[in-house]
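Got chain A sorted already, so can you dock chains B and C onto it with the hints?
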Amino acid sequence: MKQLQGCADMENSLELIAFFLLAGSLLTGALMVVTLKNLVNSVLSLIVVFFSLAGIFILLNADFLAAVQVLVYAGGVCIMLVFGVMLVQRKDMRESNPVNRRFLIAAPLTGALFLLIGLVAAKSPWVKEAGEVPENTIEHLAPILLRDYVIPFEAVAILLTVALTGVLLLVKEVKDNGRSS
Amino acid sequence: MIEFALNYAWLVPLLPVLSFLTIVFLTRPWARLSSAVAIGAMLGSFLLASSLAWGVFTNPAFIEEPLHYSLRWLGMEGFTVNAGILIDPASAMMLFMVSLVALLVQIYSTGYMKGDPHYSLFFAYLSLFAASMLGLVISSNLLQMFIFWELVGLCSYLLIGFYTYKVSAREAAKKAFITTRIGDFGMLLGILFLQIQFNTLDLLELAAVIPNFAQLGVSLGLLTLIAILFFLGPVAKSGQFPLHVWLPDAMEGPTPVSALIHAATMVVAGVYLVGRMLFLFVEVPGSLTVVAFIGAFTALFAATIAVTQREIKRILAYSTVSQLGYMMLALGVGSLSASLFHLWTHAFFKALMFLAAGSVLHALHNKADVWEMGGLIRKMPITGWTFVVGGLAIAGIPPFAGFWSKDEILLVTWEYARHGHALGYLFFAFAALTAFLTAFYIWRLIFLVFFGPEKANDHVHESPLSMTLPLLVLAVLSGVAGLIGTPWTNLWSTWIHFGDAHSGEPAYLLMLLSVVLALAGIGLAFILYCKDQDKQAARSLAKKYPALYNLSYRKYYIDEAYTWFTRKIVDGGAKVIYLFDIYLVDGVVNGLAALTKGSGQGLKYLQTGKLQTYALIFFLAVLVLTVAFNLDSANALAHLGGVK
Amino acid sequence: MNIDFSLLITEISLAILGLTVFTLGLILPAKSSQKGLGTFSLCGLLVILALTIASWGNQGETLGGMYLADYFTSFFKILSLTALILVILGSKNYVNSQIENHLEYYSTLIFATLGMIIMFSAGDFITLYLGLELMTISFIVLTSFRRTNGKSLEAGMKYLLLAGLSSAVLLYGLSLVYGAAGTVFIKEIAGNIAQGYFNPLLIVGLAMLIAGFGFKISAAPFHMWAPDVYEGAPTPVTAFLAVGSKAASFAVLIRVFLGAFLEMQEQWTMLIAFLAALSMLIGNLTAFAQTNIKRMLAFSSIAQAGYILVGLVAANEAGIKGVMFYSFIYVFATIGAFTVVSEVYNKTGSDDIADYAGLSQRAPLAAVVLLISMLSMAGIPPLAGFTGKYYLFITVVQDYLWLVYLGLILSMVSVYYYLRVVLVMFRDEPADPAPLKLGSTASLTLWLTLAATLFLGIYPWPLAKLANTVAIAFLAGL
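Residue numbers (the working numbering), protein chains in the order written: chain A, 1 to 181; chain B, 1001 to 1644; chain C, 2001 to 2478.
Here chain A stands alone, though its shape is the one from the complex (with noise of 0.2 Å):
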């Protein structure tokens, strides 16, 4: 919280109250992605948290981050659900996200580490050095990535080409299984 209240003087209380709401859907639905039983649930419930990640972005003026968080997670989000539903082999789709028992050792130990983590942030002061954030944000982004940054964004390049041919060939993998079994 007091990340908040240092982060940036919010002048009206309207914005908190959207961030708490955006917050707790953010939470819950990342919550119910581990939890629920039902794969496709599963999936669902992610798209909340994606939107409401987008939310907060928009928040922080952050509007070109958001509107790319929606665009890029709808497709990954759709593919996901494509796959989870063709390579589940399960008769059942209402067990196709099970939990087990390491359950029972995971939440405490993430919870701790949650809580840690929280604790030491909310003692820690913050530098504030927010600047002005502009009001449109693309045309800021091109010098910035094409100049600024044009080491990590070839890099990225590459990493997507990488990504692409291992993708590839892992989907020949499934082909050639396929035809074999």
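If a hint is listed, it holds; no wrong ones were tucked in.
Residues of chain C clear of chain B, computed beta-carbon distances all greater than 10 Å:
#1 2004
#2 2009
#3 2015
#4 2036
#5 2051
#6 2101
#7 2102
#8 2179
#9 2345
#10 2448
Under the rule of at most 25 Å between Cα atoms (straight-line distance), these lysine-lysine pairs were calculated in the DSS-like manner:
#11 B/1367 to B/1166
#12 A/172 to C/2092
#13 C/2347 to C/2035
#14 C/2151 to A/172
#15 C/2437 to C/2092
#16 C/2035 to A/172
#17 C/2151 to C/2347
#18 B/1114 to B/1379
#19 B/1114 to B/1166
Some but not every residue of chain C turned toward chain B, in silico, with C-beta under 8 Å:
#20 2162
#21 2207
#22 2210
#23 2211
#24 2267
#25 2271
#26 2408
What the hints contain is simulated information worked out from the structure, not anything from laboratory work. None of the values given here were measured: they were computed from a predicted structure. C-beta: ideal position from N, C-alpha, C; glycine also.
Structure of chains B and C alone, referenced to chain A:
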């Protein structure tokens, strides 16, 4: 030639290395050629070493001012290590002795190993073995020495386990390697400490700075620790109690290897090293007492074991352990001269006896039990009589080599005792008793094997010239090698000494005592094993004192104790870790698999389950790390001047 | 803002080479002509290596400090390229018989190397992270390359999920550090911390960075993936993963922890020492029970990571030097060992240690190289590994003597399990005494690694001096 030899001393170890490489990579398919290459290179080394030794021993300047040259080898800011060569009388003597014995062993091997499928390889290993030892001898730097030291260990591993089809040989090789590494570990720590405290590993520089250790801020306690750690290496390598266990087993290797290991290369490395580092040990009198005590104890301990052993090579092996104890004892009472003198004479008579034993085994097709031999001297006169010479030498009958060196050791121990060291009398008693036992067990061996009635060994015949020639050479050396160190003309101690050269009056009483002890031992052996044809007395003695007999015959159950220790403790520990791995990591997974197997998807869950375990452990580690960091960061905040 | 392209010569030519291999593979029609791709990549890489060595003195930074080219990066560039060249050279046989898709294989290997280079040349977290991801994703693809082998696919899957996990943690750590220190530039972080920008979250971020990089160098307790992935991946990929990925990650660790957090050294050295000890313990002790040689080497590589971490504990010139020296000699020992493993697998189809029986009779060169490589890893003089360990451990003798003791005891222990393989190779009789013919390029690799391991053990001074110069320059440039 002498000038050349002195300037190019590094060629001495290099030549055998070259022959090793040549054999392994070029001439391996041609057995005869390979052995010729090895012997040729060794001969070259020997010639170089002997002219070098001549150069050193004709020029007294070398005693005070050793020849030393080096080049930068490795280093970093603030410390460098130079690799170099150090030639003084001690190393010159060792070079000569090692190259000579190695040469003779190689010549002998041409006969002994004839027809072995890995004939060439054997010569390659022998060359490398000799090269490592020669390299060790001339090293001017402890780290460099340690490297050769390890190489010696590696070669011994290869050679002891040379008969790959013998399980016992493999086990022995492993035992030798692992046991000596226990010592090496301590030694490496010692070397590290020396580097840290004195910032040099050069032998000459260390010799100069260690006496002033107090000024350098090194406490006596630390120096004692260094000395003791350092001593662990020689204890293991030179087969001192309690790390002697590998040495008797090392006879599983081919006999020429045993000769080389026991006489010239591996085991004497420890004695030589302690001798080289004596300047460290004299600074801490406690450590010297430890050295002396271990030496004296080992000498007696091994001698009592040798008394009852039945295998010919095993008797000799325990005899080596015992003699090495002598050498350590001499070092412990502070006499480098006596120790290296005994090392020198021992090299010849022990190599002689091992090679002669090999000749016997060769003729008897590896029947090793001395009780099944007898009267061999008529069939194998050269082997027999040379062995007798060796026996006279080790028993200490004048004027054979062993007498002079053993007498010297008894003398220095006596003087040590007389100079107010109460323990010295104990050491002297140990040494004297050992002298008696040594004469007894060696002559027991000789009487049983070479004299007495002939056993049914029809086609026994003398070994070929290639094997008897080295025996003859060594027999001559066992006869005369001690004459350079007699109390009347003690050339030896003027050349090789630590501190002041020893120049005592000849101690006739001591000489008499040592001769009497030797004769008593031989006499007892004669009565029990030669005169008494049925050996009734010997057998009844063993029957009468079964506990004592078994204790000695079973080598005080040391091996059994170690086996028990490794079985129960070490392997047990490994098992616990293994079980931890199995049950804690795999068990979680397997248990889960069992749970889910009902659904028919066991395997898949096994795999994904494992993955989740991994992820869990990852996060657990992150959590622990974060907590640890945060606990630590309380003082970090203070350190960095608080928060901004 | 102008870009100084001369500083990027290695990266640009690697990218071009990778794309050329890719295009050539697509254009060339017949499968047989694709076999030339390996040779082509090899020639290209040799040229790039020469270029990199030639531009040794060309130092500087570009894009306002986002991308660095100094002696340190040059050293690790040469290391990565050498490793890649040796891996490709040694694996031609294996690739021809086990892997169908040559064009993807070689181009992905090259891109993985590019990723490593970008990663340790980065001056800021964004470039660093993208380089790391490029490397990781390339390795995920490479790990699952044996398309018909279930183990390989399983390994790829595991690596994908666990690497994703570790990347997430790392990224979270990076963002926390950014939040706390106010900048993504490594140098500026150091400056800000020195000025008193201190924040408890920085500590949390640091812990997560250690976890993320610890995963990449397979240090315990982040090592769990290594045995499975090493076992399942195609052997040349395993070799490159063990050598390249690890060395590059060590380079980044040095860059980040010494470059940005030197001020907070007191906080993290103790933890790194703890990780080092744990890695040595777990790696060496678990290696005992292994029957598969690749798994055994995986555990041994965990132990090696522990040894190398010791250099980081020292966090000074000598420590950096030790890390660099050890990483370089580790290249030769590891690639030597894995080349033998891949050749043996190629002929016998097995990675079981038991199937190495009598290797000394069937393929003496392979047996000798495996022996020398393992003894070097165990740190037996006069092999390179001994010198390397000496350099590493001497740096912490004063402050962390217990670590030295532990390291020495455990490297003594390690001799035991290495010797087990040696015994099998040299003592046991082979089930099938037919000679095992090695490929000519594999033999060349074996000779090269053997020569390097021996030479650097006997005369380490040239490499040590080079590492020393680089370490001094690195610390001076902070």
